[in-house]
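Read top to bottom, the protein sequences are chains P and Y.
To convert, note that position 348 of the first sequence is 347 in numbering that gives the first Met the number 0; the numbers rise steadily by one, no gaps.
To convert, note that position 56 of the second sequence is 55 in numbering that gives the first Met the number 0; the numbers rise steadily by one, no gaps.
These are computed hints drawn from the structure, not numbers from a lab.
It is possible that some hints are incorrect.
Stated by the list, open to error - Incomplete in silico selection of chain P near chain Y, CB under 7 Å: (1) V36; (2) G227; (3) S231.
The structure displayed is predicted, hence computed values, not measured ones.
Backbone N, C-alpha and C define an ideal beta-carbon position, used for all residues, glycine too.
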Amino acid sequence: MNQPLLRTPLYDLHIELGARMVPFAGYDMPVQYPAGVMAEHLHTRAKAGLFDVSHMGQVRIRPKSGRNTDAARALETLVPADIVALRPGRQRYALFTTPDGGISDDLMVANMGEWLLLVVNAACKQADFAHVHAALAQTCTVEMLDGRALMALQGPAAEAALASLNPRAAGMRFMDVVEMELAGVACIISRSGYTGEDGYEIGMASGDALTVARALLACPDVAPAGLGARDSLRLEAGLCLYGSDIDLTTTPVEAALEWSIQKSRKPGGVRAGGYPGAAIVADQLADGTTRRRVGLRAEGRAPVRGGTDLFADEAGAQPVGRVTSGAFGPSAGGPVAMGYVAADHAGVGTRLFAAVRGRLLPVQVSALPFVAPTFKR
Amino acid sequence: MTVYYTKEHEWLRVEGDVAVVGITAHAANELGELVFAEARDPGTTVEQGDSVAVVESVKAASDIYAPVTGDVLAFNDALTDDAALVNRDPEGEGWIVRMTVADAAQLEGLLDHATYIALVG
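Bound-form chain Y, shown alone (with noise of 0.2 Å):
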């Protein structure tokens, strides 16, 4: 198992070739309390960068983008009545969507803990 990160605050924990996408502690927070979270329906071919879930605070709505492409397998449910579960366990129970790796070679486009929190200082 191993967790990478995007430049645009978002994790992903890849076992073989599925990878559970959710936002950084950093992300969770610069947002606000989320009042609202959904996904593209499983099934669903995402390509890196698409947006494959959406997250929302009081005031704004947030794009989750897909750090690699896949076809969507599942959204996180516990989210649907309590998306600030994001914001409590952003890296743990908070995680978004769940989604296949098609191309494991993107992997090595992303960064590893120590660059991204180099990045957000």
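For reference, chain P alone in the conformation it holds in the complex (with noise of 0.2 Å):
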């Protein structure tokens, strides 16, 4: 494992604005910048943060028949999403589901009117692009797109930043997918995010990506803001972090993910199924699973962190789940968790309580998100 760190092009704008640097998904990766991740988090949900999201895989899917929608129905083989009734210029959340009904990754995936754009996790990104290859490679031509560079505007000044460089950022709605130019430079640009709040979330070649960058930062309210303040935005959004809240044991419907996968696709629908693991998914729609994954607030101040052990009683005789996320939430004003636990006692308000350094401190099953999102819908 003594593979070079790779490099976003962003990466000498971070040493310049004084990031602490750390390894993530075989990335050098800015954590924090001289604010912090407290200041971050909370400049984001009041003005706007500049993320750096380069690392995250970028995957065109052009079909062959030059029919967007037979690239959509190739898709549909390995989602359970709805990408057929996906209009040209929108993007939608979407999950990799294996043979048992696990999740291999979660992405999202865009309409760009000739071909498909996904977005997936970087420490993913190698093992979907097998995937989706193998499986579609007879019908469309599968590319990474490794010259690209991405990176998420986020907060309730970006629509105003944005519109800075292009006024037609302004009329851009949530999951809204529209190419355009900002700074003279040619960009692709969702309006989405992972923090909750109203934002974008813009590609461009990585050669362009500094330019873009510095025009963003000369915006007054925008501010650069690193993974900690992701990680810790996202939590209190009720977004799941792939490899902690989902991943291969963990299914859409024990996620609570099932509003990704729309009525066309579950039984009954137009294309019902056809998806790995759709039969498993198809019968855990119908009758529920034995856990489920929850929002968690701790009653005290200390925070609950991912791996801790949930328990029904004080004195931690019957465990019921785990965390599988947790931290302290600037904008909500405390700790903020998320984890799996047992069916009949996942209902919100059910107290439950959580192994800390030999103690069991109370926590509340709590309605997910932990702070209202702000999307422009």
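With the hints as a guide, bring the two chains together.
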């Protein structure tokens, strides 16, 4: 494991901004800037944070027939989301499922008119590419877009900042995807993100990333934010982190992600099933599951971290689950967490006990998200 | 009164057989803004190197190791509602625990200020 860490096209900018760099999914990434995780988190909720997410994978699927519906139909053999009905210029959240109903990654799928754009997790991108290529190569040209960068501009001031570079940004709705120029650079922009805030994700050729980043950072309300703030923001927003909150052992229904399976793909729908593990997922949609992903709020001040065991009783005799992500939520004003608990203990308001450093601390099953989203629908 | 430091970025201010323990400005800066702190209960005997307290940032929990063997006397209650006091005044009001020094000989293995500063550059 002595492979040198990869760098994004914004590496030099991170160093210039004083970032603390950490290894993440094989990349040397900024975990925080001098302002710190707390300040970057709060700034993103109050104004706008700029995140470098160029480590994420971008995959282009181009139908050999020239008809994008063919690419959509092909991709539907791998994901339970409705891709056929996804209109040009729109994006949707999806899951790669496994034959036993697990999740091998979560991703965004955008209909670019003549092709599909997938954005996948950095740690999974090689495996995802191989998976898609193996399944779709007959009907589609599948390419990893290695030469592209991606950044996220998130927060209530994101619209004004981006509109100052291109007024068209203001007219976009949540999950719209538009090709437009920023600072003379051709970009693919979606109105989406991973913070629960209104905002945009902006892709461009790697060589142009610095131009766009500098133009955005020159906006008065925009400040850089690192992976640390990204994690606490997404946790408050109730969004899953692949590898922690969802993985090969969790199903879409256990993970409370059935909203990402549209009616057309559910039993009785016009294109029901047809993705790996569909029969298992169908059974779980009908009958429920023995465990469920829930939000958890600690009653005290001590953060309850990922890996913490949960019990039904203060004595710790009856284990009911485990925390998968936990942090102090700067905007929630206290510890917030997610985890899997037995279905009969998953109701909002259920009191559970978390084993933290040998003590059992009371936590409550809580509705997700912890912080109300501000998407521009 | 003498102040000692550890390679684990703690300081301890020793008066007689009692030490006040905290983390250095360098450590506080590295950890980022703290949101929670707690210590072992008063009366608990800790061995040198045992976890005597925990401080937590948004992202992570970090153990504070007992720089010497002794009994926990008190936790700095001001940190209960304001753990970030450690960031604002790490080597003063942001102390973390007060404990006894069971074996003064252990102090000889700790660092003085100049050595610690050289260590963290």
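Query raised in the report: Of the numbered hints stated previously, which ones are contradicted by the structure, given in increasing order?
Result: none
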